[in-house]
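> Residues per chain, in single letters:
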Amino acid sequence: MPTARGWREYPQRYRYEAAVCKKCNKWHFPPRLICDECKGQEFETKAMKRSGKILTYTTIRVPPAPFKDQAPYLVAVVEMDDGPRLTMMVTDYRDKELKIGQRVKLEFRRLSDDGDAGTINYGYKAVPV
Amino acid sequence: MRDVAIIGVHVTKCGEIWNKSFRDLFVEAGLGAIKDAGVDHIDSMYIGCMSGGLFVGQEHIGALMADYLGQAPVPATRVESACASGGVALRTGMLDVASGHSDIVLVGGVEKMTDIGGDEATYALATAADQEWEGFNGVTFPGLYAMMAVAHMHRYGTTPQQLASVAVKNHDNGSLNPVAQFPMKITIDAVLNSVLVADPLHILDCSPVTDGAAAAILVPADRVGKLGKKQGVKIIGSGHATDTIALHSRKDLCALEAVSKSAAIAYAMAGKKPTDMDVCEVHDCFTIAEIMAMEALGFFEKGKAGRAVEAGDTRIGGKIPINTSGGLKSKGHPVGASGVSQAVEIVEQLRGESGARQVKGAKVGMTQNMGGTGASSVVHIMEAM
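Protein chains in written order, with this note's numbering: chain P, 1 to 129; chain U, 1 to 385.
Isolated chain U, as found in the complex (with noise of 0.2 Å):
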């Protein structure tokens, strides 16, 4: 297997884009990583997205990006994993380029969310969870990890302000992000009075509903500086792991095993530890999301992450600076794409590019991207070249 790098990256704003369609925000983050990595062809693409069919009624989704990309007739493939599909398309792209069967590949991931209605958009995210056995009951999205964070409060003692304070970190981040959806400053107390979603997460403590695309351009690590321009980053560590789609069926509903899972393969392949890691990008789709998550990734002790986020180590200038780009909570979570964007964001932290919120001397850096409750996640590890 041949050593991966990625040599371009973009992303669009995110955010409500109305005068944009589902296509051409793709086309439009495909064209930025091209000219970015400078590359004059590529041999294959793999794009991310949730649900094509219920958010705009389009499937079809590899066929028609690579026709609108301007690349047709280079094989283009869908990936979908639910809110981890960016994550597993950018995965699916590395092993391509690592099996030697493509030297150039396009990694992208696109969602367009805001064309419906609200109770159809909560609809749509729904059916990343067991539809037959948790939708049917009348649980939501958000009721979901709403119910992760009752479990986590009662048995750790996290609170409510913690919850909060990891959004209010994420906006804070966010708000030194060009393509930020919401990039303004939140208080704690504006997080608590916010309107409640299910309890005990308030609307501050949820990411929003999201347009937005990604990509990202790969090639084999030793090819760097030949086939692009660009300084490379290396892909050291690649997980990928499952657990139950219904939350109900977890043995510990306080713990995500697949991302527990899909870190150790990652830091196993990479041969680092979580106190290696001097960026992270991680999924905080809730803010109780990315409290599990940085547990299950190790760099806290199971319950401890809460008052370690209270403390200020997960700010940049922090022990490790998590969701530097706002996190989906701020910068925004088009679903497909989300996986992408975090690679964006530590691609750039490692090529030094992020202005504002960049982490001095950053040189390793990681991106957790999951699906549904926790039912997929895969684990990202990269290293300046």
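With the rest of the complex left out, here is chain P (with noise of 0.2 Å):
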């Protein structure tokens, strides 16, 4: 991960920081700079609220390389109940439990690293609750 890059990510992935249209009020996350529903370019920052449920989920089991150690993992779209939806891992939870429509929570986890000397990854998990 480029520390540039990381940095740029940091408000999303570590706050939660979504923009939201100050026209029709659609909430975007990641940030976008037009509108998709209204074309829309001026927006609010706001932080979403840490809760949602999932849409959909699956198993990971041959993993890309980043995540080689940690498969099999979970993985879902989980809508936001701000509106935005995310994939994510989905952990602390058995798979065979699992459903559509399960509510969860996001927590702050370690996501990957870039090998032993490099950047380790931050970010969001999804937390059954």
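If you're looking for bench data, these hints aren't it; they were derived computationally from the structure. Built from N, CA and C at the ideal position, the CB exists for glycine as well. It is possible that part of the hints are untrue.
Interface residues of chain P toward chain U, partial, derived using beta-carbon atoms under 7 Å [as the list claims (entries may be wrong)]: (1) 58; (2) 62; (3) 64; (4) 77; (5) 86; (6) 88; (7) 89.
Join these two chains into a complex; the hints should help.
Encoded structure:
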């Protein structure tokens, strides 16, 4: 992870900051420069509530290189209570019990690292409640 | 705009082609198509390639391929649209001929995927999704399609057996195709007992990592027989559409909107409807993809394609034969070449050259090629001349 890219993404990965369109009130996560709903270009920064529900999920058994040591692991599409939908890992849970509609909270966790001497990447994961 | 026809096609053997290089695979396909068409020169080239950079460490693919095909200094452009690169290259070449700018265009596609290891290939393919907001969080490409499958099964009752029957049918067809990477027949049980990649998708629900190339020669329809020697197949419809790059941003996780929109454009241009299609190549990168794409193309109602496959409606001899080539599943999926190899199959079907897998009396055919989780889709409708 290039340092500058990591820094650019801190507001979302660490603080859940969304851009709320001033014209139509749609929440965008990650922020966009133009609203895909109304084409508005003015936004207010607001932190999302850290709660939502699972829309769909799977267990990744063949992982990409940065997640090699973690498989198998669960990932899900989560609809946040504020509206945005996100893809994230599901943690502290057994896959057999997971179902569509499961309520989750977002927690700040370690996601991956860029090798022994590289950056450790943090971000959000879903924890069923 | 001029009508455009395809007068020559060629596809290489698909598979782990260790003894042939990236450029030699393309040149083999290009020379084959030139010979099939019987043309003595070409005016320009478009080459579909998803990721020369990640798969073989090579960019600047337009110039490279023109050079090694012995065609420099003709203009040559590499077209990238992830796994839809080949289909979009075909559309770009068609527009070049239609505009009147070029008379003889070579459209090709190529990918050399087996020079790198499995986890590197998994990474390269995942770049077709949203790297910052999907890939960063650990999801893979099969994982995204698996989540579409879970949503489709939850809403419509699609079953793992129905998914498996897509793979079984495509391997049956692939067993009749000499270029197929995996021409063996398989059973429902073999699919369901194969290792899970991302639940509920087993390894036999997934298309393979493939080396291969394909090419086609396009000319103005009114000059077929003058510029080359082969029977022409006219491109009567072409549609291309996009959707959100991230699966999670789609309004409906069970629908492929870009496929519906690209198909609607192609149907309108051709003046045809789904029931007019005699044969179709659909983008079956995963078994669930074929099911969702067929629903988006209007062949079956939403939620009913799984049952139709199980009932045999999509076999050769069924209501609408799908992926007579074996599809990406059995023939193989050299990502940037796949869209062009679909066109090769449909041209051969409409010329009546498909041998044991020939759809009897096929006059109108379709190709549907998509990129990512459906963020790009390109549809072509072709008719025998």
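> Hints first: check each against the structure and report whether it holds.
Hints, verified against the model:
Given the 7 Å rule on beta carbons, the hint for residue 58 of chain P holds: about 4 Å separates it from the nearest Cβ of chain U. Taken as an interface hint, residue 62 of chain P checks out: its beta carbon lies about 5 Å from the nearest beta carbon of chain U, inside 7 Å. With 7 Å as the threshold, the beta carbon of residue 64 of chain P comes within range of chain U, its nearest partner Cβ sitting at about 5 Å, so the hint holds. Taking 7 Å as the C-beta contact cut-off toward chain U, the hint placing residue 77 of chain P at the interface holds, the least distance being around 5 Å.
Because the closest C-beta pair between residue 86 of chain P and chain U is about 6 Å apart, less than 7 Å, the hint holds. Among the interface hints, the one on residue 88 of chain P holds; its C-beta lies about 5 Å from the nearest C-beta in chain U, closer than the 7 Å criterion. The interface hint given for residue 89 of chain P holds, since its Cβ lies 5 Å from the closest Cβ of chain U, which is under the 7 Å cut-off.
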